[in-house]
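Chemist: Sequence lines, in order, name chains A and B.
Quick note: the first sequence uses our numbering, first residue 1, plus one each step.
Quick note: the second sequence uses our numbering, first residue 1, plus one each step.
In case anyone wonders, no lab produced these hints; they're calculated from the structure.
No experiment lies behind these values; they were computed from the predicted model shown.
Worth double-checking, as some hints may not be accurate.
[Unchecked claim] Think about it this way: if two alpha-carbon atoms lie no more than 20 Å apart in a straight line, the pair counts; the simulated SDA-like pairs of lysine to any residue are:
hint	chain 1	residue 1	chain 2	residue 2
1	B	81	A	176
2	A	34	B	140
3	A	34	B	182
[Stated by the list, open to error] Here are a few chain A residues that sit away from chain B, every Cβ distance over 12 Å (derived from the structure):
hint	residue
4	50
5	101
6	106
7	159
8	163
9	169
10	174
Heads up, the beta-carbon is just placed ideally off N, CA and C, and yes, glycines get one too.
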Amino acid sequence: MSSDTASASSAANTKTTAQDILTGLIPLFLQLRKLAWLIFAVTTLLFFVLRQAGDPALVLAGNDATPEQLAAIRAQFGLDRPLLIQYFSYMWNVLQFDFGKSLASAEPALGKVLDMVPRTLHLAGMAILLTASIAIPLGSWLGFKPENPERRMVSGFLFVMQGVPGFVTALVLIQIFAVNLRLLPSLGYEWYEPKTWVLPVCSLASFLFPSLTRVVAANVAEAMREDYIRTARANGASQMALLWKHAVPNALLGAAALIGTQFAALLGGSAIIETIFSWPGMGWLLLESVQTLDFPVVQALAFMIAILVFSVNASTDLVFRFLDPRLRTKGA
Amino acid sequence: MADHQISKPEGPVAIAKAEGASLNPLDPIARFNRSKLKQYTNIEIVVASILFIAIVILAVFGAFLQTHDPMQGDLMARFAKAGEKDYLLGSDHLGRDLWSRAVAGLQWSMACALTANIINLFIGTTLGLMAAEKEGWARTIIRQFTDTLQSFPFLVVAIVVVVIVGHGFVPLVFTLGLLAWVVFMRVVYAEATSIYQRDYVKAARIAGVSRIAIMFGHVLPGVRASLFVIFAFHFAGLLIAESALSFLGIGAPLGVPTWGNMLAESRQYLLKAPGMLMVPAGAIVLAVITMNLVGDGIASLSRKRGRSIDV
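Construct the entire structure; sequences and hints are all you get.
Modeler: Spelled out as structure tokens, the structure:
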């Protein structure tokens with residue numbers, strides 16, 4: 001009976017009006033302004049730093065080019081103009097989402113990057129999904145009664161796994177499953193072939209799930225000591241109901257922040273795993289283009305990663321706002 | 001009957017006797033049990049200390065513990081198994097001793113991570129304290145800069161910068177040192193802001209203590225415990241970052257025996273010599289776990305002394 005009235009009153013509280021949604025969007029607009037500044041700063045910085053790092057004309061023409069060839073290329077790409085003029089014309093183009101053509105393949109740089117985005121999102125999304133589906137049940141189980149001996153063994157295992165970097169796991173997994181057992185391919189990516197996903201996704205998840213599990217466990221353990229759990233227990237709620245209806249949802253609020261951070265870190269940060277498995281994503285392209293001094297692609301990548309990371313953070317914020325009634329500021 | 005005890009033991013001596021402990025003042029176990037050390041010691045701290053001391057010994061006296069020259073190979077003894085032909089952990093594709101190379105890699109990684117970590121500590125702590133002191137342009141600029149640095153995955157920034165500044169120990173250390181301080185800044189900023197609100201800091205201000213003296217003499221000691229813990233955990237993170245960059249071929253120069261380079265070399269010979277993978281992989285994992293254990297140990301010690309640490 002009591003739980004019915006409680007849920008009814010909470011439903012009345014959580015009803016969102018259109019105005020609420022609008023006020024909730026104001027921070028988003030402020031964030032967007034921040035994103036614009038960020039992109040401006042990074043593009044400017046990269047422009048000057050990359051020009052100092054190497055001569056684009058030399059990259060284009062190759063090392064054995066004659067001075068005449070170099071001069072011709074400079075004239076063709078406008079590289080003979082003063083640096084500031086180049087900068088302003090470059091920024092004007094960037095405003096129209098034109099980052100120039102890739103020096104390596106003469107394709108538009110932004111298009112090249114956009115090809116990579118779905119593949120990286122695919123890898124990152126699968127890795128986060130696997131991480132969450134291991135970490136949330138395991139963490140809840142661990143945090144429920146943390147002192148059991150078998151639970152201590154599991155947390156010891158988590159501690160060890162936390163010390164194994166993802167690329168080390170990747171190499172060991174390749175050694176076992178691709179080289180010794182010949183079960184799975186050691187490299188390559190086809191979106192329709194789940195076999196090629198298994199090893200990269202597992203390698204990424206193996207490094208991510210220990211920290212998420214530990215956070216979920218700590219949050220569940222903390223929630224179990226709260227007053228509302230005691231009240232629910234006094235009302236005769238079963239152990240399972242206590243855990244899954246009361247403790248875990250609260251623990252997940254804290255974990256959602258970490259999931260967002262982890263997801264953002266994979267956007268470009270999965271470069272090593274992408275390189276190991278020849279997974280043609282943004283991280284792979286980043287390494288490739290930085291090493292060949294392919295400036296337009298590096299610039300377009302930085303732009304894309306900034307936007308993606310921003311969107312992940314912003315949507316984590318929004319999810320929080322809708323999940324946690326305490327963060328929904330009414331008129332404040 | 002023995003199971004029916006009439007009088008409870010009284011006083012520490014009686015309790016010790018009842019628990020079956022020796023009262024011999026020279027008995028080391030009894031002395032340890034009664035000492036303060038015991039309440040600060042648990043199995044994790046013991047393991048952490050042993051591993052940590054082993055790593056320090058290997059890093060300092062590595063030259064005497066290497067059985068072979070890590071750079072010099074014997075082409076007659078390629079792909080030796082562990083224990084074969086006096087190769088402790090086997091040899092690689094050029095017949096170089098894996099144990100000696102792993103020790104050399106440890107020295108390189110430790111030197112790199114330690115230097116970068118100290119630079120991180122200085123930059124992060126100073127910026128955090130400056131931002132925490134008072135509202136104003138310093139705080140705005142520092143926080144804006146930190147946010148900008150944080151809006152990219154660390155590895156992305158590190159890859160771009162390391163490729164531009166070039167190969168080698170010094171460029172690598174400075175890239176990590178100048179870019180990875182965000183965690184120090186954030187924790188110092190969060191803790192120091194609340195310390196600046198304490199009465200004793202206000203009193204020091206009124207008494208005319210200089211800003212620098214307040215910053216480093218009054219506020220910094222309050223964040224010291226957290227700094228130790230982050231230093232240990234961050235050390236582990238830097239070890240991973242260093243070997244990851246070397247593995248990608250953009251950190252340590254090719255040919256230098258580092259764990260990252262050894263892993264990169266092993267990829268060609270996975271079928272022939274799994275040891276080439278397992279030795280550097282095991283070394284990285286052991287080093288990272290050790291530093292994590294040390295961090296955990298320091299955190300639990302400070303918690304017992306009544307300081308709370310959130311990392």
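Chemist: Please name the hints from earlier in the document that this structure breaks, with their numbers sorted from lowest to highest.
Modeler: Those not satisfied are hints 4, 7, 8, 9 and 10.
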